[in-house]
Every structure is written in C-alpha cells, then in structure tokens.
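Asker: Produce the entire structure from the sequences given, and follow the hints as far as they go.
Protein chains in written order, with full-length UniProt numbering: chain A, 1 to 445; chain B, 1 to 445.
These aren't lab readings, by the way, just hints derived from the structure by calculation. Computed from a predicted structure; not experimentally measured. Careful, some of the hints might be misleading.
One copy or two, it doesn't matter: identical chains are merged, so the pair holds either way.
Derived lysine-lysine pairs resembling DSSO-like cross-links, with alpha carbons at most 27 Å apart [what the hints assert, rightly or not]:
id	residue 1	residue 2
1	Lys345	Lys219
2	Lys345	Lys276
3	Lys49	Lys407
4	Lys276	Lys190
5	Lys151	Lys141
6	Lys408	Lys151
7	Lys44	Lys219
8	Lys4	Lys176
If you want the building blocks of each chain, they are given just below.
Number of protein chains: 2
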Amino acid sequence: MKTKEQILLETIENATLEEIIELSEELHPVDLLEALQDYEGNSKDLLDKFPDEYIAMVIDEAELDEKYEILSLFPQKQKQEIISEMSSDELADMLGTIDEESQRNLLDGMEEDYREEMEELLSYSPETAGGLMATEYIAVKESMSIDETLKFLRDISPNAETPYYIYVTDDHKVLKGIVPIRSILISEPKALVKDVMVQNVTTIPIDMDQEEVSNLFQKYGYMAMPVVDSDQILMGVITLDDIIEVMSDEHTEDLYRLAGLDEEEEVDGTILDSIKSRLPWLIVNLGTAMLASTVVRLFDDTIGKVVALAVFMPIVAGMGGNAGTQTLTLIVRGIALGEIDFENKKEILKKESLVGLIHGVILGLIVALIAGLWEQNLVFGFVIGAAMLLNMVIAALAGFFIPLLLKKLNIDPALASSVFVTTMTDVLGFSIFLGLATVLIRYLI
Amino acid sequence: MKTKEQILLETIENATLEEIIELSEELHPVDLLEALQDYEGNSKDLLDKFPDEYIAMVIDEAELDEKYEILSLFPQKQKQEIISEMSSDELADMLGTIDEESQRNLLDGMEEDYREEMEELLSYSPETAGGLMATEYIAVKESMSIDETLKFLRDISPNAETPYYIYVTDDHKVLKGIVPIRSILISEPKALVKDVMVQNVTTIPIDMDQEEVSNLFQKYGYMAMPVVDSDQILMGVITLDDIIEVMSDEHTEDLYRLAGLDEEEEVDGTILDSIKSRLPWLIVNLGTAMLASTVVRLFDDTIGKVVALAVFMPIVAGMGGNAGTQTLTLIVRGIALGEIDFENKKEILKKESLVGLIHGVILGLIVALIAGLWEQNLVFGFVIGAAMLLNMVIAALAGFFIPLLLKKLNIDPALASSVFVTTMTDVLGFSIFLGLATVLIRYLI
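Answerer: Here it is, written out as structure tokens:
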C-alpha cells in the first residue's frame, strides 16, 4: 500500500502547472518537506515545479541545518529569487549558519535596502530578541482612518508573517501604539487609528535574552510583540510561533544539561558528536567519583574490619543522590519559571530542609531497622541510620544552594548542578557513615 | 520608593468610574493580578471598581487554583454575570476544580444554551483536545461575500478569543474550510467566502491527547486549529496560547518524572505535599539500592580480602549511572519530540551501543591505569577497567531499551526510567566488578 507521502509525491510528479498552483494554496510546506525526506527521485526537479514563493516557504519551515541544503539545489539567480520571498527571521538564521563566502554572495545579490536590513539582523546574537524578530510588520500613522487602513492593507497584500496587530508609528518610526486586528474588523470605517489603538504597549528591548522573551509571551499570552531599541524605535516583531521553538529548545537544553549532555546533541546524530557531547562530562564525573573513592580509602582499615560497611555504601550514596536530585530539579525548574524570588527563597529553604529532615528520620529509621536486624548489631543500625538522616539534610541543602549559587554567578543552574550535588552527597555521606563507624568501631566488630 | 505595583493599586483606589473604564482598556489583567498579590487592602472592593467583563478577564488569566478564589469574593448574582463573560475553556477548567455543589449552583444560574455547552465541555478529559478547546469561534457560510462577512463581524463584535481564522460550516455545522483573517483584509469586498477559503484544513479530533495536539501545533505553526468530532462537525477551537501552557506543563512533568517527583508538586508548596510527592520514590529507590547491596553482600568475603574493591565501588556505580542517564535523557526527549520512529530505532541503538563501547574503552583504560598504579597491581587495574567497559555498554543498552519498553507498555517513558536504569548499572556493574575480582582473587591479594 502506498503511504500518504508517496501519493502526494506522485500527484506532484504528474501535476500540470495549473494543478501545482492550486496545490500550493492547499498544501502546507511542512507536509511537502516530510514527504521529501523519503523521496527517491530528484528533489530539485520536484521542488522546481512549484513557484519560487512556495519554495521559499518550504525553506522557511525546514530545520536550520536543512535550509541551505535545499537552497543550494538551485542556480544562483533562482537562489536570489527564493530568498527574497523568505521570512526575514528565517533567512537571517540561515545566513548565520553558512560559510562567509556563500553568505557574502547571497547578500551581494540582494536589493540594497533588504541587504542592509539583513546585515543588521545578522549583527544580533541569535539567542536575543534581535535574533528572533522578523522585520516584516505593517505600520500605519495615527491620523489614518480604519477605512484607509483597510485599503492600505489590500494594496500591500501582506503575506508571510500574518498581521495580528498593526503597528502605529510616528515619522521617526517611534512606536506610538498598536491596533489589534479585531479592532480593524469591528471598528466603524470612519474611526481614526489613534482612537482605536492601544497606547500602553508591552515592548521587548532588542537585546533581551530569548528565555526572558519567552517568559513575557507566556505571561501575557499575546500572539505577537514588538521589538524596540532604546529610543523606542520599532525594529521588528516576534510572533508566538517563534516562541514555541524557543520553548522547545530551552526545554531540551534544561533536560540535557541536567543529564550532562551538550544541548546541540541530536538523538540521530553521529557517534563522534555524541562522544564530544558526553565524554567531557563523564570525565568530570570520573574526577568527582575519585573524590568519593578517596574518602572511602581514608577508612579502608575500618572497612577491612567491618565488611558490612561496604555492603551498605550503595544505599548511602544512592539515596543521597536521589533526594538531592529531587530538590535540585524542583529548584532548577522554579528558577526557569521565575517562581523563586528573593522573598520566598527563605521559605523554600526552610521547607526543603524540613522535608529533608523528615525524610531522613523516616528513611533513617527504616534503614537502621533493616541493617540492625541484618547485621544483628544495634550500633550498626544506628551508624547507617544516622548517616542516612544527615545525608538527607545534606542532599536538601546541596539541591537548594548549588543551583541558586550558579544562577548568582550567571551560570545556567541546570549546568553541572547534578554533578556537584551528587559529589556533595557522596563525599559527605561516606565521610559521616564511615567516620561514625570508625569512632564506634569497638561496638561493630 | 513605591513599586510599579503600588502605584498602580493607588491609581485604581483613587480612580473615578471614567478613569477606570479608560484604564481597563490599557491595563493587561495579568498586571493587575500581579499587583493584587501583595495588596493589603480589600481585593474585592478594588476589583469591584472594574466592570464585570474586566473581572472575568482577570479570572481568565489567574492560575487554575486561584480562579474560584477570586470569583468567590462576589455575591451569587454578580458571580453569574462574571462567568457569562469568561472564556469558555477557562470557565470549564475552573468548574472542573470546584466542589459539586458550587458547580451545580453556577451551572443552574446560566442560560440554558450555555449551560449545555458547558456541561459538554466538562465531559471531556482535561488533557485532551476537548478539554483544551474553547467554544467561541466565528462561523460563516460559503455563500457569503467578504463584505457581508465584515458586516457580520462588526455586528457580533467578537472579543475574548481573538479571531485569527473564520470557520466556514454548512447547515449541519460540518467544517468546510477556513478563511485566514488576512484573506478577509486583503480580498475584494465582493469576493465570496468559498473563493477565498482554504479547503484542506488540518483538524484535531476531539479525543486527541494534549501532547499530540501540542506536537501538531509545533509542526504546523498555526495560531489556532479547529477541533472536530468523528463526523467532522466543528466542536471548538484551540489557540496557540493554550499550547504554550501545555508545553510548559508537559516539560515540568518530564523533568519531574525523571527526577522522581510528582508533577503536581510546587516549589512553594507545603511540606506535606512534598513528602507525598517524593517519599514514595525514595522508598522505591531504597528497594533498588537494597538490591545493589545484596549483590555486594554476595561478595563480602572477597571485599574482606581486598578492601580496595570497596574503594572503587563508587566509581563503578557513579559512572554507570551517569552514562545511563545520558542515553536515557536523549531517548526520553527524542520520544517526546517524535524524533524516534520504527526506522531510525535500529540506527540509534547501534550508535548508542558504539558510543557506550568507545566510552567504555577510553574510561576503562583511564580507570585501569589509575587503579593499577594506585594499588600497584596490574590485575586490579584489569578488573576495574573491564567492569567499567562492560558497565558503559550496559548503561547504553538500559538507557535505550527501558524508556522504549515503557512507551510500548503505554507508560510515560520519563516515569521511573532513571530508577530502573541506575538499578541495572548498579546491580550488573557490581556483579561484574566483584565477580571478576572473586575469580581472579589469587592475583589480587
């Protein structure tokens, strides 16, 4: 049986020009991209059946590392046609990933105005508002009427970045207000833009970090927000669908960093990329594990006398690591969501310490009981129980303070936090457990 | 100095009715909500200065557990006025969280049509398309002209859920197509809806899980998508800002489940909630740690003879757990993003195994060297090196297979994966390390 994708590809292969035009109005470029992935014919010939405007949309939708791959299929002149139809934000992202010569070639082929715009977009860091924004927006003057605005819209026939808001600027491009699309639709034709516009606009500074931009969008729920420079001059627009990508990327980054993976690693990447991503962390971990080993080594005499200590070492380390990771994850997520501030920090610390203490008492008692019965030695039960109790509190404190300290040092709290936390619980947990055993050794043999 | 919030609150306290009307057009309800959090006066009196429509917007924006808290401030009659202005999806969410009697009271006070609609919304599971959608949408007929559509829009003056698309339905409410708002703005007034509408609409089945809905939005980048039943009857609309919340919740769930936290736990929650969320996982972990201990116990004779084995145990366990978590996290995220399918599964397994093997060789050699020198015993170096090598491969296999197995059993792959993975690496790692040492014991003493 043929798949949906195969049917689509065959339809395209056999389509007349007219049918293609019709198809390109109905077919989402993402679906064509997906079908192309398994296409065994010549992708260029297939894409070439579509108008350049549609090819531009396909490239707009492609993953960052595929964009230029698709564009390269076409001759230089057609390349220029295609990129002139691309969204400015996607084009800037693509230009940012290619070698300098290809970039220069494409820029040189652009019309001067657009080239200058693109060079400006390229100058912003990709992870800031400037790197996210598109420069396609619709601006009108305060003195225009709704009817004039509608005529103006029909004339310029906006595409690509759908206009959810119309921006109102003065002669110096300073943002004066915005008109939501619904106001245009429902206002009387004779009303003036200045009467229907919203003046108190939440704007995004051009150098704001993308995570903060994303938080603003999540807070207010707007479909698009204007980006301004320090003089309130309108520079571009960020739309909610860009934020969806930012959120997904930031999520991946959080998860990966907590696990000791480079955020660039891909699940279907190469072996070399995986090793580059993970080996450094494993080596850091080897270093911290050695630290724990060194602690154990300090007490090898004691272990030689009471081998049961070695038997219970995995419990001390494992439980401490897990409890620490719980608190750590909660704090890292709370920081990312902006839920931890100066005021509730103390409350959270108090809560986490108490939770650690209560867990320590409960788990300490259970472990003490099991170990005491197993080894037929009450003091042994006391030693492991006390170590468990203290290690649970240490886990809570480490899980709380380490990410907040990293945040204070302007390091991503997710980065390497878990390595530090488990090092703390391992080193201190073993020290307490084996130290206590050494002090009480005469009751253990 | 006064904060922004204090200034806002004072402005409201002293505002005339006229000033309030003006303010409510410019002030985002989220900003009022934020200011209210630290308000020392009477919230009800302050909110009561605003029209009911604005109070409804404030409740729409409030967190789920705060919505009814705010609504309860008002007398029954005003409650009904306020909820009649709320978004249908937010109202249904709120009704779903309150006790049966209060719910019944509010439902009974509604107009019949809306009550039936609300009862239907309440019947859908909150984590499906039906639970996410709102029922406010604008539907027109194919035969209408653009000019008629514009007049119609002016008449009904849509609010709340901004219309990004107009839906085209037949007499039986079957979805025939959609008209993007930009088509309305730029089409000739005389054009007919059926000429400008898009027919090939991607629809969402009403029982689709929210994670899949979120993936569809991320794939296509639409601002809103229609929800239909099995007869293609238009039931409601989901907008991208709802998806933002879903994404954030799903991400918290992933992170929390990987760390052994209940997804309902909040960073500023109570001690009791934290213990309920975490203690069960810690006890599961205690069980699996006991398993590892039992393995160690099997070899206590060997450890008694070669205490250095206990010194290197933390390295075997720690490295295995970390490498396993790396693979696990990559696979869990890949599953969530839909990046792992039947075809590339084998490729990924091959890659992960090879990465594990290469890491094993590199780290095995390093550890063998260090341990061999430290203990002045080549065989000891060989034992720990070989255990490290094999444990890295085990970590890769466990990190790969466990989440995929859970997925196959329809269990969230993030749930408990890390417990299983570290149990595997601990139990098998210790078995290999201590087992090998037992076999080669005469070269170690």
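Asker: Taking the hints in turn, state whether each one holds.
Answerer: Right, here's what the structure says about each hint:
1. Proximity of Lys345 and Lys219 under a CA criterion of 27 Å is satisfied intra-copy only: 21 Å inside one chain copy versus 38 Å between copies.
2. Taking the shortest alpha-carbon separations for Lys345 and Lys276, only the inter-copy value of 22 Å comes in at or below 27 Å, while the best intra-copy value is 37 Å.
3. Taking identical chains as interchangeable, the C-alpha atoms of Lys49 and Lys407 are never at most 27 Å apart, the minima being 52 Å within one chain and 41 Å between chains.
4. With identical chains, the CA atoms of Lys276 and Lys190 are never at most 27 Å apart, being 63 Å at best within one copy and 62 Å at best between copies.
5. In this assembly of identical chains, Lys151 and Lys141 lie within 27 Å of each other by CA distance both inside one copy and across copies; the values are 14 Å within and 25 Å between.
6. For the identical chains of this complex, Lys408 and Lys151 are neighbours neither inside a copy (53 Å) nor across copies (56 Å), given an alpha-carbon limit of 27 Å.
7. Proximity of Lys44 to Lys219 under the C-alpha cut-off of 27 Å is restricted to the inter-copy arrangement: shortest distance 23 Å between copies versus 43 Å within a copy.
8. Taking CA atoms no more than 27 Å apart as the test, Lys4 paired with Lys176 passes between copies only; the shortest distance there is 21 Å, against 49 Å inside one copy.
The structure does not agree with the numbered hints 3, 4 and 6 stated previously, though it agrees with the rest.
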